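Q: Since the structure of chain A is provided, determine the placement of chains B, C, D, E and F on it from the hints.
6 protein chains.
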Amino acid sequence: MTDKAYNPMTEPRYCGIPTFMRTPYTTDFKNLDIALVGVPYDGAVEARSGTRMGPRQIRDMSSMMRSIHHVTRINPYELCRVGDVGDVHFEQIFDVRASHKDITAFYQNLDEAGVTPISAGGDHSITLPIMRAIASKGPLGMVHIDAHTDCCDEEMNSKYSHGTPFRRAVEEGLLDPKRTIQIGIRGAANSDECWEFGAKHGIRIVYIEEFTKLGVEKVIEEARFIVGNGPTYISFDVDGIDPAFTPGTGTPEIGGLTTIEAQTLIRGLRGINLVGADVVEVSPPFDSSGNTALVAATIMYEILCIMAEAVDKKRKMNY
Amino acid sequence: MTDKAYNPMTEPRYCGIPTFMRTPYTTDFKNLDIALVGVPYDGAVEARSGTRMGPRQIRDMSSMMRSIHHVTRINPYELCRVGDVGDVHFEQIFDVRASHKDITAFYQNLDEAGVTPISAGGDHSITLPIMRAIASKGPLGMVHIDAHTDCCDEEMNSKYSHGTPFRRAVEEGLLDPKRTIQIGIRGAANSDECWEFGAKHGIRIVYIEEFTKLGVEKVIEEARFIVGNGPTYISFDVDGIDPAFTPGTGTPEIGGLTTIEAQTLIRGLRGINLVGADVVEVSPPFDSSGNTALVAATIMYEILCIMAEAVDKKRKMNY
Amino acid sequence: MTDKAYNPMTEPRYCGIPTFMRTPYTTDFKNLDIALVGVPYDGAVEARSGTRMGPRQIRDMSSMMRSIHHVTRINPYELCRVGDVGDVHFEQIFDVRASHKDITAFYQNLDEAGVTPISAGGDHSITLPIMRAIASKGPLGMVHIDAHTDCCDEEMNSKYSHGTPFRRAVEEGLLDPKRTIQIGIRGAANSDECWEFGAKHGIRIVYIEEFTKLGVEKVIEEARFIVGNGPTYISFDVDGIDPAFTPGTGTPEIGGLTTIEAQTLIRGLRGINLVGADVVEVSPPFDSSGNTALVAATIMYEILCIMAEAVDKKRKMNY
Amino acid sequence: MTDKAYNPMTEPRYCGIPTFMRTPYTTDFKNLDIALVGVPYDGAVEARSGTRMGPRQIRDMSSMMRSIHHVTRINPYELCRVGDVGDVHFEQIFDVRASHKDITAFYQNLDEAGVTPISAGGDHSITLPIMRAIASKGPLGMVHIDAHTDCCDEEMNSKYSHGTPFRRAVEEGLLDPKRTIQIGIRGAANSDECWEFGAKHGIRIVYIEEFTKLGVEKVIEEARFIVGNGPTYISFDVDGIDPAFTPGTGTPEIGGLTTIEAQTLIRGLRGINLVGADVVEVSPPFDSSGNTALVAATIMYEILCIMAEAVDKKRKMNY
Amino acid sequence: MTDKAYNPMTEPRYCGIPTFMRTPYTTDFKNLDIALVGVPYDGAVEARSGTRMGPRQIRDMSSMMRSIHHVTRINPYELCRVGDVGDVHFEQIFDVRASHKDITAFYQNLDEAGVTPISAGGDHSITLPIMRAIASKGPLGMVHIDAHTDCCDEEMNSKYSHGTPFRRAVEEGLLDPKRTIQIGIRGAANSDECWEFGAKHGIRIVYIEEFTKLGVEKVIEEARFIVGNGPTYISFDVDGIDPAFTPGTGTPEIGGLTTIEAQTLIRGLRGINLVGADVVEVSPPFDSSGNTALVAATIMYEILCIMAEAVDKKRKMNY
Amino acid sequence: MTDKAYNPMTEPRYCGIPTFMRTPYTTDFKNLDIALVGVPYDGAVEARSGTRMGPRQIRDMSSMMRSIHHVTRINPYELCRVGDVGDVHFEQIFDVRASHKDITAFYQNLDEAGVTPISAGGDHSITLPIMRAIASKGPLGMVHIDAHTDCCDEEMNSKYSHGTPFRRAVEEGLLDPKRTIQIGIRGAANSDECWEFGAKHGIRIVYIEEFTKLGVEKVIEEARFIVGNGPTYISFDVDGIDPAFTPGTGTPEIGGLTTIEAQTLIRGLRGINLVGADVVEVSPPFDSSGNTALVAATIMYEILCIMAEAVDKKRKMNY
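Residue numbers (our numbering), protein chains in the order written: chain A, 1 to 319; chain B, 1 to 319; chain C, 1 to 319; chain D, 1 to 319; chain E, 1 to 319; chain F, 1 to 319.
The hints are simulated quantities; they were obtained by calculation from the structure and are not laboratory data. Heads up, a few of these hints could be off.
The calculated lysine-lysine pairs, modelled on BS3-like cross-linking and capped at a C-alpha distance of 27 angstroms, are [to be verified]:
hint : chain 1 : residue 1 : chain 2 : residue 2
1    : E       : 218       : C       : 213
2    : E       : 218       : C       : 218
3    : B       : 213       : E       : 213
4    : B       : 213       : C       : 218
5    : F       : 200       : E       : 159
6    : B       : 101       : A       : 101
Computed from a predicted model, the values in this text were never measured in an experiment.
Same shape as in the complex, but just chain A:
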């Protein structure tokens, strides 16, 4: 995607074909450490649709990102080879299971090439097929930021909606509930099973009320303790954040995290054994300002910084 002659990162923000973070587009996984992936899929949404358009807008707004982090001074591009590998290709977009298979296949290729993915959704159902590819060596731990637990058994008579992925992941042995923490949970429900599943299986649920009371530092401490040193995934639903910041999402719940809290939370996970991450549920049609996509792009950048360190460290240990 980029000429030798110039550095896209230093171009005016509105220039060029928008790849994630203005990294080079590539389909050659061998030359990558970290892949930025688009998953334009919203076929499992029972509320307002539109997240199929998320990856494009996140790519566009991600041009606002630059290289050196102002707090940690990490420059992820100096630690790792980072590229945009494009979007998952879907054969049958109207069939949820077939689409989930396409996702799994795409990430298996990345996994085999030893590339760690950060994904941009798409609805939250995509995390399940991603985990099916990534958790090949055993169940993952997870730090999950969201308004909803996404642990329903069924939604609209389906086992594979965007409200069910983590129940399935636990059932399929992809996710270790005891190494899982859910942060920012809130909003009324028609049944309490979405909250009770986690309670029963050992998932730590930090409702927004407890989050506010504890403060972000204590929650970070607890999250680090829970996920420990095992392989860990970050799943970040933008509706975890308050819709004043991220209105562009399908099932907004008022009373959420601020962006400062969310950023602090991600930075607080520096050093964990990060094997994958996603930012999901960005629905551009519901945010005329584009701020939701800016938040998503910035969260991806924050994750990229700590992931680049983790990948770099692991590589060095392997030598």
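A: What follows is chains B, C, D, E and F alone, placed relative to chain A:
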């Protein structure tokens, strides 16, 4: 939905719970001649989604409608009993075929009760299952306003997308291609099969260029000749109209009909044997002004006027 | 409002405090021939409100206007002294009659000073109190562009809503129905009295269907014949134009005039005895693009050109 | 509004004719404990209009609500019979006093039927006529969240604008100032009388600065102490919240409450003797995202939970 | 940009990194016949800015385009090798002359490689430096669609604003005024020099009024006659079209061409000796619907079809 | 701008030609203590443009402001003569240096007349030429709220972009780095020189993380200590605030100050020796709600209150 004490039609336009045209909500089909139906379904769309939210916004904007038509002076509410029967209920919104079955079942109930439906979509795939219910006594004729023929064989490897309904309808014997006219067709395609199917089976395609050359009056004449006296359906995709008027749709094509032309076209069909109609592909998130829904509501009102006459006439003939 | 040192008309369009057409603000009526007036009033609206914010947005967009007309090459600023006299001041904005009195008083001052007004509304109820000031020497003729006749007897149990001004004006002897033409009329109604009043009193109603058939040139001819040489008012409701051009209005009706037709119509009235004009019903909250206000500002400019000629001619004749 | 056959609460959020919270529409007050009421009135506003369109958008967004509260686990629908009783009908929308009478009459009917109302405005002037109906047995206490005290003596030479209701309510003996607390007050004023009235009559005013310093828990404590066990009303103006969360309002003041604080505040009032409540000043045209209406709907749901407990408790005590 | 494994043109419209028309991104000019170029520059605009963001949004909306033209059945991708060559790179974006030099240098590279460019602006000042590269063998003819002649001598004391390019081009011998036609001209001006320059030098100006009177077919005839067989450029300013269709532009003028007229005009130029083209003045921030960019993308596709034929024919003649 | 007969401050908010805070427009500097100035310039922006339109929208929204501050009870209009002096006039808007000279000249006139300015931008490059006029008697101290230090050496190969003003100001001896504090700094950068310049020269940088940790009161304390009694300038970039509050800006960075914090900060500077201030980087096209301009207007009002006290005090000391 309405008190005896007051007439919703004369209330300020912003008052009350929005039913289509401010008609009474009812699920008792026996007391109805014409049913206004919402079909909030967009599970078969390969472009921008959002038409699942169409019926609600059309209901809201339809409060702008009143009773007496300024040209024909028809008052449909004096000729027929008209009501809003709510939305089709879906059991499995993530399964296209199951959803289509739910639609068919809903319209079979209406059909058995002798009620003629005007539907608000939803994506264009809904017309196929509606026809399965309505065309029980033989294939229908159709006046179809659209930018696209919707006669593809497959889209995204599916036979039942919003680009295929009329090919299926012909194949299933629901639609008589020789009594079908498609008006406003335009826009590039990746294969010419979408245009050739109709040509091969005798569908009359009036591309927008020919429409402009002939003028609306000649096209009306031809449409009336083609559908004749047999039972006829009107399917109105708002992308048949130019997106300056109807930006709120998933696959806009510039260079379409004006609203004056569209209204004249509908009025010109006065007297045909109208057995059903729909207005589809209104996607509210892509139109901040709401004009698309206003256009859709007005087209529904225009259709209601000529349908009320047709139903009234048929009823009188039966006596 | 302007320095001697520079010509606001040639400044970049986004500069300066926005007066109508970037003319000087003045409250000294003696030095004016034509006054541009804001009437920020929407207290008589039974549909969507917001026209109280019309004058400000029209002022803002009117900076797009320049001096020499591209067809007639009229430069109104060379023919007449034109200024922005600010907004009518209201003492009791929650009382329709009191507000109408404030309007009348303001225009009586202009009238006594021999200044001809072009007004920016506000809802259409404002034309009645304007006429009460201007028609002091006898009933006026009128060219009225609108989707609605605004000749209802009552609306929401009020005689003075934005749907009734011209019935009142005829009754009060301010408007000569035989010298009145209404152009662009359309849209359903709950009673036909709004159309029948004009028919009964000799108002010429050109429904949009007839307008389309006749063409703008024939309608101009007829309008000129009807208003003749007597003092004539132009009242321009932006909903006369199709809402694709002017979505920012309270009671949009699809299927209206194009802007080319509207501009041609105004230019066609060159030479009539123009004593006042208004452009009303601009409701900024319903048009995020601002195009409605741009249309309104341009129509004001078109009127200004022919009015400047008329005023200039009259002045010369008086010498 | 609902079939026996299905539960609207579990339908996809975009389906069905939008009633408040998807409760059944009814005009039969006998079968209700709590009524959700729309008051589409903005005739007493001196700033930006548009709240007449509030109830419709709140109804639409309230489909996002579900039944069980995630903190208190209250399911209001199990405790009480809750329904949408539609909108107040206005006879003379251009006359403030007449409109206020229509409001009072509507709520007297509810009051006589023993139904407790939660209302959606509309401008803040509506609370006065609601109190005239509800406070029949003696003055009410009030928890009032707002940027403004709404205790002016006159606004635009009117005693009954949206800036005056609580001064009138005190004067008319409907509101007990000593049992009244106003929270979130801020913003410049042209006179200090709006702040001094309360000070003089014993209203407790918690300016936003003091609110921030005390924290929400202390303010809750004080509010509970002030209103005590007497009958109490909650009046919630969405401009009490910061316009980053609720831009869709007529007189936004920056620097307001967060939604978390507002929700915590309402929950903190659990157990008070709640006899009525409203959420007012939602003006949809100024919020393209709809978040303001989502906030309003959620606040209504939060109030509904504590009101259902209060009503249920009272009913049990009466047995 | 594309895998071997799949055809981006047949992917869902919202998928993938957006290149113009979903063609492959390439900087290897040797393998191209036609280059699609972005010129994100708005440094010479005296009205509303924002066209620097035009190329990105046009790329995004151009995914709506497909391959086979519905009227001519031309598939440009079968006739020519077409690619997206990215954006012009600017060294000093705050310096108009330096930026123009960067543009010229970029197009000289294309010209030397024998590649014909279609450009997406950017403001209209970019056409001058493009012509400096392309017109190396002698002055070009031009079909120019625009509301403005862009033939001012100076704007804001600059010779190189977006209102002056064609005066400079004539002066520099890049443009043959006698082989130039300007279509759609309208809108007031502060001086008549912008119109008189063309008149004096033999440019044919078709004001919108004459365009309407003649009709598009006659104008095509005249345009073909004027440009003849010599090398010809098409410069398409989206403000030539009415702002109801293209609100997203800096200096909108109401009363412009319809999109049908614009498309017909381009198609009517089939067979001319086309050596370059641009579509300019798309300013995304002023169009929340994106329709302006859709119009621009479609006009680019229409031009691409006739250009592919022209390039193909020329190539065959050279053999 | 104002009649004797009425007080614009008490008019409905939507009335009248919008001057800053509804103060009188004047170009007679002799009768002023404090001037409100518009600087509609965005020629030095490397990201999204549009701040040229800032002053107009801030003027419009500033009508929401009133006279008496709700915390300090300061009425600035009783302490000082305050007026809107219009916009800086630019001779060559396409030349950054020439434009900066125009700005300096304008403020020199104000300075010579002894008028203290509060400016509305425009991009942040304008502060440099303002300081060139104001810092005539020696370097200023500064309280700078911003996401960025604006201390780059070059941006896009320019020394005078909106990212460089304070480096230039230090170099030119206009700004005393030791009396400068920057608050709210955050966001990634391509080089750390933007942060290191300040560190090296003694500027106190309060990153948002430290701000959150210290709390606003401690930061105020430190700011007061740093600027001391010397002449001090406040430069307020709206991107210092979180884009949930101020989306309408060119380079938004998530995770910023709240408006309450910003207001508290300004109020905390009461009593400092304030000689000038600006609020910059408001880009209206990126905020459809207008909240950014409302924030900017309110911050201007907050500054006006403490500046009026400072000016009043100084004047009294001079007697």
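Q: Hinted pair, alpha-carbon criterion (27 angstroms max): residue 101 of chain B, residue 101 of chain A. Please report holds or violated.
A: Distance ~26 angstroms between residue 101 of chain B and residue 101 of chain A Cα, so the pair holds.
Q: Against the 27 angstroms threshold, does the CA-CA distance of residue 218 of chain E and residue 218 of chain C hold or violate the hint?
A: The hint holds at about 23 angstroms.
Q: Can the restraint linking residue 213 of chain B and residue 213 of chain E be considered satisfied, given a maximum Cα separation of 27 angstroms?
A: 16 angstroms, holds
Q: Can you confirm whether the C-alpha distance between residue 213 of chain B and residue 218 of chain C stays at or below 27 angstroms?
A: Roughly 23 angstroms between the alpha carbons, so the hint for residue 213 of chain B and residue 218 of chain C holds.
Q: What's the verdict on residue 218 of chain E and residue 213 of chain C, does the C-alpha distance respect the 27 angstroms limit or exceed it?
A: Measuring from Cα to Cα gives roughly 23 angstroms; hence the hint holds.
Q: Residue 200 of chain F and residue 159 of chain E: Cα distance at most 27 angstroms?
A: Outside the cut-off at roughly 43 angstroms; violated.
Figure legend: structure checked against the earlier numbered hints; the only hint not met is number 5.
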